[in-house]
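Residue numbers (the working numbering), protein chains in the order written: chain A, 1 to 250; chain B, 251 to 537; chain C, 538 to 859.
Calculated directly from the structure, the hints in this document are not laboratory data. Since the model is a prediction, treat every value here as computed from it, not as a measurement. The reader is advised that the hints may include incorrect statements.
Here are some chain A residues the structure puts well away from chain C; computed CB gaps all over 12 Å [what the hints assert, rightly or not]: (1) W62; (2) D138; (3) A163; (4) V197; (5) K214.
Just a few of them, taken from the derived set where beta-carbon distance is under 7 Å, the chain B residues facing chain C [what the hints assert, rightly or not]: (6) F360; (7) A511; (8) I513; (9) L517; (10) V520.
Glycine included, each C-beta is placed from N, C-alpha and C at the ideal position.
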Amino acid sequence: MSTVLETRGLLKRFGGITPTNDVSIQVERGARRALIGPNGAGKTTLINLLTGVLEPTAGSIWLDGADITQLAPHQRVRRGVVRTFQINQLFGELTPLQSLALSVSAQLGISAQWWKRLGTDARVAPRCDTLLKQFHLDDVADQQVKHLAYGKRRLLEIATALACEPRVLLLDEPVAGVPEGERQEIFDIINALPADVSVLLIEHDMDLVFNFAKSVTVLVNGAVFAEGDVQTISNDPRVKAVYLGEAVHG
Amino acid sequence: MLTLLFDGIAYGMLLFVLAVGLAVTLGLMNFINLAHGAFAMAGGYITVLAMNRLGVPFLVCLPLAFLGAALLGAALEPLLYRRMYARPHLDQVLFSIGLVFIAVTAVDYFVGSMQQNIQVPAWLQGRFDISWVGIGKYRLFIIVVCAALTLALQWVLSRTRFGSQLRASVDDRRVAGGLGLNVNRIFLLTFAVGSGLAGLGGALGAEVLGLDPSFPLKFMIYFLIVCSVGGTTTITGPLLAALLLGIADVMGKYYAPKLGAFIVYTLMIVILLVRPQGLFVRAGGGK
Amino acid sequence: MKTAADGLKHAARWRWWELTLLGALVLSWFVLPGQSLLLNEIAILALFALSLDLILGYSGIVSLGHAAFFGFGSYAAALFAKLVMPDPWLGMLLAIALAALLGAITSVLILRGTDLTRLMVTLGVASILYELANKLDWLTGGADGLQGVVMGPLWTPFGAFDFDIAGRTAYAYTLFVLIVCLLVGRRLVHSPFGYSLQALRDNRLRAASIGLSVNARLVAVYTIAAAIAGAAGALLAQTSGFASLDVFDFHRSAEVLLVLVIGGTGYLYGGIFGAIVFKLLHDLVSAWTPQYWNFWLGVFLVVLVLVGRDKLTKPWTWWKRG
Chain A
1 MSTVLETRGL LKRFGGITPT NDVSIQVERG ARRALIGPNG AGKTTLINLL
51 TGVLEPTAGS IWLDGADITQ LAPHQRVRRG VVRTFQINQL FGELTPLQSL
101 ALSVSAQLGI SAQWWKRLGT DARVAPRCDT LLKQFHLDDV ADQQVKHLAY
151 GKRRLLEIAT ALACEPRVLL LDEPVAGVPE GERQEIFDII NALPADVSVL
201 LIEHDMDLVF NFAKSVTVLV NGAVFAEGDV QTISNDPRVK AVYLGEAVHG
Chain B
251 MLTLLFDGIA YGMLLFVLAV GLAVTLGLMN FINLAHGAFA MAGGYITVLA
301 MNRLGVPFLV CLPLAFLGAA LLGAALEPLL YRRMYARPHL DQVLFSIGLV
351 FIAVTAVDYF VGSMQQNIQV PAWLQGRFDI SWVGIGKYRL FIIVVCAALT
401 LALQWVLSRT RFGSQLRASV DDRRVAGGLG LNVNRIFLLT FAVGSGLAGL
451 GGALGAEVLG LDPSFPLKFM IYFLIVCSVG GTTTITGPLL AALLLGIADV
501 MGKYYAPKLG AFIVYTLMIV ILLVRPQGLF VRAGGGK
Chain C
538 MKTAADGLKH AARWRWWELT LLGALVLSWF VLPGQSLLLN EIAILALFAL
588 SLDLILGYSG IVSLGHAAFF GFGSYAAALF AKLVMPDPWL GMLLAIALAA
638 LLGAITSVLI LRGTDLTRLM VTLGVASILY ELANKLDWLT GGADGLQGVV
688 MGPLWTPFGA FDFDIAGRTA YAYTLFVLIV CLLVGRRLVH SPFGYSLQAL
738 RDNRLRAASI GLSVNARLVA VYTIAAAIAG AAGALLAQTS GFASLDVFDF
788 HRSAEVLLVL VIGGTGYLYG GIFGAIVFKL LHDLVSAWTP QYWNFWLGVF
838 LVVLVLVGRD KLTKPWTWWK RG
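Given the sequences, and given the hints that come with them, work out the whole structure.
Structural data, given as structure tokens:
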């Protein structure tokens, strides 16, 4: 089992709080890992550190044995560390087709081309077709994103990340805000992700966690509280206590 | 040289009083109000007209200028400005530029485009000469008044309930609203007071800065410099920025008259290059 | 159902009104010879606004000092003609190169900070240039401006043409530059680079998250926009025969902003439509009330923004509810 993504003693401190407290995790190739924990445990901060949006106070991040701690966010994306956002971050004025075409072009390394039309490269359009179909966006492919319904936008959020051909995919609450009836669509897509992509999933929905994850990392107060496979963690009384404690104290 | 420093401090304090309303508007409503100078101009013209046409004594004109500009601000805020808070900055810029054009041409139409002069009362004319420092009485007056205002502002912000409501709203407007603070009323009061202070600054500055219809455009960049260099999360930030600006401008114009305002602009750009959020920013301020 | 390939091709196709507009522009030289001076002014303004569209409409950079590049190009061309040689093409190339250089250097300033910071530094750069032009009066003529810029003949495949009083050569020259920049700009905005600019504008965080280098792109587009603005400034100097301080003035930057907003941002042609409407309105209102054009301009701006900018370019939305 080879480690694809690793953090060593990752620490983030600011303004008197420590949202990430000495976190050392290893994510293996093909992982289906859920990152859970009570509110404020530092899950999104960890994702922000992994993607380079935040700089760590101490510690390091390694991708395939190379230290990426100093790399800028866009450089990490090019190496295959891709994320989705809990709150949709989309390109409002573009259409899903254009957004995906741009993402695919970026991944192919031709996003700086200024003389040829977007899509003249023969590799772009077929990839877009596949993604649009896979994410059920083909019927709205030519509408501006700002006019799309929330469910479609959420699908586009994930599709955009996939267009980047991730090696490590960090999903931040992928079904957040999605009505019950539309969640299955997203579950299915996540379950159908390629086997060699390592997926780290932040999620509160325990259905999704149990259906999808093979292993779980529990974060509490910014530190790793427990780690293990799904069965063990779900039966661990300490983990239950942490969640129950939260439920009792609000 | 010390005289220059003194003059620079006076200029800086004046700029602070003129610009503090803009800094708070920016920090509180996230609104880029390029028309802020128009309120200063209003105060200046109220003073000039009251003194020259109605014979109102100078000291009485000052609170009049404050009130006049404050009322203008209180009228315009709910009428026009409030609709613009959520708009993109480009819209705000266009809107406030439009207001400036209206204000400038309206004043030109009604009062004419010549520079207005006021006669400062006799007891404020002249200067004290203490060793090597020439202290202009009027400039000393400006410093005293502005310092008093600054202290009053600081007191209101830190000691009164309104002050803490204001600070809470600057820190996080949504949360403040959710806590039951009447955000609209806070905005209205703040905008009115900020405009009033600008008006007062315009009145005080008429003698020192010159008053004509192009005042808002001429000094707009200075007010904005105070806000962008000083940051909009504190009172002391803009104060220090204004003092820095005032001193730099006075010194620059004296020691290198060929370069003039060039120095100020370059200084601003250098500062913003190094610290894009401004020189004095309180860490931890929310959105 | 359309495939992606079709969809992408469709997005970049020439629309009928684009072709009509281009045709009309070219025709105007033949059909309205008596209006050449006015048309020349409009075309220069349109080019200037087009350059602003690249950074404002497509990249989301709010600039209050775009006149810096316009003015820089203007003085560069004027000085070249006066001090080196009066060839318009060479002067144009120099102006473009220098303006681009200035753009590249100052682009560093707009990378970080808030909208306010950007406003300030763009304003600051234009103000500095204004002061410089003012103080270096031995070179620039100071407040009097640079007079007596006499241009040599314009070399074309159809022969060499002198700049005539009626402005026909001038307008042809300006039209040529405008159309070339328009075509180049069009290729740019339909390319992956162009779309990446829009991504930057819409969501800078996401743009970085799909692997786009934000800063490099901003520098690139700012440089290109500066170059085109410099070309517009050069055209002004070369076709009017002088350069004056007001090319750096705040009014110039505010005016071009308004022109672009009137015509609509983000589709490349807003500058042209805006320039036409603006100049015509200006002439109309000025004839009626000469000193108070600025007043009505101010009113127009306030109303425009209160009502909603996009309502202007989409008249069909005036009757839509909600």
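Going through the hints against the structure:
1. Every CB of chain C lies more than 12 Å from the CB of W62/A, the least distance being 20 Å, so the non-interface label holds.
2. Non-interface call for D138/A relative to chain C: violated, since the shortest CB-CB distance, roughly 6 Å, does not exceed 12 Å.
3. The beta carbon of A163/A sits about 7 Å from the closest Cβ of chain C, which is not more than 12 Å, so the claim that it is off the interface is violated.
4. At roughly 16 Å, the least C-beta separation between V197/A and chain C is larger than 12 Å, which holds for a residue marked as non-interface.
5. At roughly 26 Å from the closest C-beta of chain C, the C-beta of K214/A stays outside 12 Å, upholding its exclusion from the interface.
6. Proximity of F360/B to chain C is violated relative to the hint, the smallest CB-CB distance being about 12 Å (cut-off 7 Å).
7. Below 7 Å, beta-carbon pairs count as interface contacts, and A511/B has one with chain C at about 6 Å; its hint therefore holds.
8. Of the supplied interface hints, the one on I513/B is violated, with its beta-carbon coming no nearer than about 9 Å to a beta-carbon of chain C, more than 7 Å.
9. For the restraint placing L517/B at the interface with chain C, the shortest Cβ-Cβ distance is roughly 9 Å, beyond the 7 Å limit, so the hint is violated.
10. Of the supplied interface hints, the one on V520/B is violated, with its beta-carbon coming no nearer than about 10 Å to a beta-carbon of chain C, more than 7 Å.
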